Amino acid sequence: MSQRNSVSATEKTVPPDPASASDKTFFTFAIPALLHVITTLLLYTGMEIFGLAASAATLVAILLLALVTRKMMRGPLSEMADDMEAVASGKGTLLRKMEITDSGEIGRLCSNYNDLTENLAHTFSDIRQRTVKIAYDSTRLRKAIQEANQCSARQEELSKLIFTSSEESTAALNEIAQRTGEMSELNSSNIDDARASSQELVGVNQMFGQVREHITDFRTTVSSLAQNSENVRTSLSMVQGFSEQTNLLALNAAIEAARAGEMGRGFAVVADEVRTLAGKVRDAAAEIGVNIGEMAGLVDRTQEGTREIDDLTAETREVIERSTNQIGRMVQDFETNHEQLVGVSAAIEELSATNRGVHSRISEIHDLGSQIRDGMDRADKYSVSLRGGTEETLGVVSHFKAGTGNFEAVLSKASEWRDHIQNVLQQLRAKGIDIFDQNYRPVENTNPQKYTVAYGPALEREIQAFYDQCRDHFPSTKYMLAVDVNCYLYVHHKSVSQPLTGNPEHDLLHSRNQRFFKDNENEIRRAKNTAPFLLQTFVRDTGEVLCDLSLPIYVDGRHWGGLIMGFEPDLIISE
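Numbering-wise, the numbering used here puts 537 at position 537 of the sequence shown, and it's gapless, one number per residue.
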């Protein structure tokens, strides 16, 4: 924030001394009137002369007394008029005391005049000090406002991001709630299907139990069939044996019949038939034996298959039992998941409701952030207006020299330094050096960029040591320099006029000569200021609050630039 004091002294026409005018009036009119009265007295005789003489004597005494009184008052009044004229022109101070040589009313008037001017001096000094303090506080206020404005802008930006995220979160929660509802419905359907499958598996398991029972019965039947087949084969063996014996007996009978001749022919026929039947029985028994053998093989294979079926059935039943148990556990898991999904759905619904509330609050926060930022913008404008008001107030008050206070001491010393700089510039110009050279020529390979001018080297030789001495005169002074009207500065303090190192960050702080300083409004205003002085307060990039006092520099009536002096506010605030 800046504090400007830009009210220049007003040229006033000094009115004629009222005491001198009164004296002229007295000698112009009073003395001739007195002579006229004396002449008239000489023309009268007798008793009338004595009355008129007494009147004339009285008049003469009054006029002489007025003349003496006027002479006594003329000195103090004239001195008061001279003092007020000097104060009004800015050449005198309010603390000048009048010498009191009279103990009467004139002395009392002079004493009261001294008290009045002393009170005015202290009042002006106090107002000036308070104005500077207000300027300092307004700068800090603007700094706080700007920081708060940045925080408010950041808050508004974050609230926008949160608002957007909240919208996305709300949409995601709604989708999750929808998906969860669908999953809950699907899980409920799966539970029903799993329960039905479990019941079906239980039924299948029971059916497999029944099948196994039938297979067991079938195995028993097959075993009986195998046993019966074996019995049949045994019987067939016996039949075959009988057939062989019968055939052998028939053969023997045929032999005996042949021996008997005709007598045995009929017996022979019978024997042939018996032998034929025995052969048929043998063949039939053999065929039956083959069939029985095949049937026995089939029965054996049936028994083997039945055993395998029984084993597979047992394994299948075990698998079905395990599947039934697994499906049962799965049903339990489905039921547990269903309960959890129902809980999740309820929690998501509650979260959605909470998120909607948060979303609404975030919207309010965003709106409030916008209002706060608007308020901060207005407050910043008001702080700028306050800066202008303090500048004008300080300019008006500082027009009158109180003769006391640190500010006047600093301003007085700065005026002396400004006059010295003006004289140096004037001498350089008298030597033919172009001190108004504004053809700023860039210096190659410099970062930060430097420029050179015609008067630069000569001015540096004449003035740099003076700059350093002035800076060290007051405590807490940071710089005392001169810049031209375009904010260009060739000569800086020796400590910060070091050669470039090639490190821009280091050189920015330690090689500050031959550069422009017009990065902000304060730096531009101080260079172009033409008021008797300009006092600004501003915040440096380090966060430090400084006062910057600038006084215009003129050479041959032409505005060259200004003296600039930076110092901590306590230098002029504290007494």
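If you're looking for bench data, these hints aren't it; they were derived computationally from the structure.
Treat the numbers as computed from the prediction; the structure is a model and nothing was measured.
One thing to keep in mind: the hints can contain errors.
In silico DSSO-like pairs for lysine-lysine, Cα to Cα no more than 30 Å straight-line [claimed, not checked]:
| hint | residue 1 | residue 2 |
| --- | --- | --- |
| 1 | K413 | K528 |
| 2 | K381 | K160 |
| 3 | K494 | K413 |
| 4 | K494 | K381 |
| 5 | K413 | K431 |
| 6 | K518 | K381 |
| 7 | K528 | K431 |
| 8 | K413 | K518 |
| 9 | K381 | K413 |
| 10 | K381 | K478 |
| 11 | K431 | K494 |
| 12 | K494 | K518 |
| 13 | K528 | K518 |
| 14 | K478 | K494 |
| 15 | K528 | K478 |
| 16 | K478 | K413 |
| 17 | K381 | K431 |
Estimated spans, in silico, between C-beta atoms of each pair [said to hold, decoys possible]:
| hint | residue 1 | residue 2 | range |
| --- | --- | --- | --- |
| 18 | P499 | A465 | 14 to 22 Å |
| 19 | V496 | D570 | 19 to 27 Å |
| 20 | R441 | S363 | 25 to 33 Å |
| 21 | Q332 | T221 | 41 to 49 Å |
| 22 | A409 | R108 | 27 to 35 Å |
| 23 | E175 | T216 | 23 to 31 Å |
| 24 | R378 | K518 | 21 to 29 Å |
| 25 | A409 | Q438 | 17 to 25 Å |
| 26 | D570 | R356 | 53 to 61 Å |
Backbone N, C-alpha and C fix where the C-beta goes; we use that ideal spot for every residue, glycine too.
Checked hints:
For the proposed pair K413 and K528, the alpha carbon gap of about 21 Å is at most 30 Å, so the pair holds. Annotation: proposed proximity of K381 to K160 holds, straight-line Cα distance about 26 Å (limit 30 Å). For a cut-off of 30 Å, the pair hint linking K494 to K413 stands: about 21 Å separates their Cα positions. Pair hint K494 plus K381 does not hold up; C-alpha atoms about 39 Å apart against a cutoff of 30 Å.
About 28 Å separates the Cα atoms of K413 and K431, which keeps this hinted pair within 30 Å; it holds. Only pairs whose Cα atoms come within 30 Å are accepted, and K518 paired with K381 is accepted, the gap being roughly 22 Å. Of the supplied pair hints, the one linking K528 and K431 holds, its CA atoms being roughly 26 Å apart against a limit of 30 Å. This hinted pair checks out: K413 and K518 have alpha carbons roughly 26 Å apart, not beyond 30 Å.
A distance of roughly 34 Å separates the Cα atoms of K381 and K413; the hinted pair therefore is violated under the 30 Å criterion. With a C-alpha separation of about 29 Å, the suggested pairing of K381 with K478 holds against the 30 Å cut-off. Taking the CA atoms of K431 and K494, the gap is about 25 Å. The hint holds against a cut of 30 Å. Under the criterion of a C-alpha separation no larger than 30 Å, the hint pairing K494 with K518 is consistent with the structure, at around 21 Å.
For the proposed pair K528 and K518, the alpha carbon gap of about 11 Å is at most 30 Å, so the pair holds. Our distance criterion of 30 Å between C-alpha atoms is met by K478 and K494, whose separation comes to about 13 Å. For the hint linking K528 to K478, the alpha-carbon distance of about 21 Å falls within 30 Å, and the restraint holds. This hinted pair checks out: K478 and K413 have alpha carbons roughly 16 Å apart, not beyond 30 Å.
Taken as a hint, the K381 and K431 pair is broken in the structure, with Cα atoms around 48 Å apart against an allowance of 30 Å. Checked against the hint of 14 to 22 Å, the pair P499 and A465 passes, with Cβ atoms roughly 19 Å apart. Between V496 and D570 the C-beta distance comes to about 23 Å, which sits within the given range of 19 to 27 Å. Roughly 58 Å separates the CB atoms of R441 and S363, a value that falls outside the hinted 25 to 33 Å.
A hinted range of 41 to 49 Å for the beta carbons of Q332 and T221 is consistent with their spacing of about 43 Å. For A409 and R108, the hinted distance range of 27 to 35 Å is satisfied, since their beta carbons lie about 33 Å from each other. Hint check: E175 to T216, Cβ distance near 59 Å, so the stated range 23 to 31 Å is violated. The hinted range of 21 to 29 Å is satisfied by R378 and K518, whose Cβ atoms lie roughly 28 Å apart.
Between A409 and Q438 the C-beta distance comes to about 35 Å, which lies outside the given range of 17 to 25 Å. The supplied range of 53 to 61 Å is met by D570 and R356, whose beta-carbon atoms lie about 55 Å from each other.
Going through the hint list in order, the structure does not satisfy hints 4, 9, 17, 20, 23, 25.
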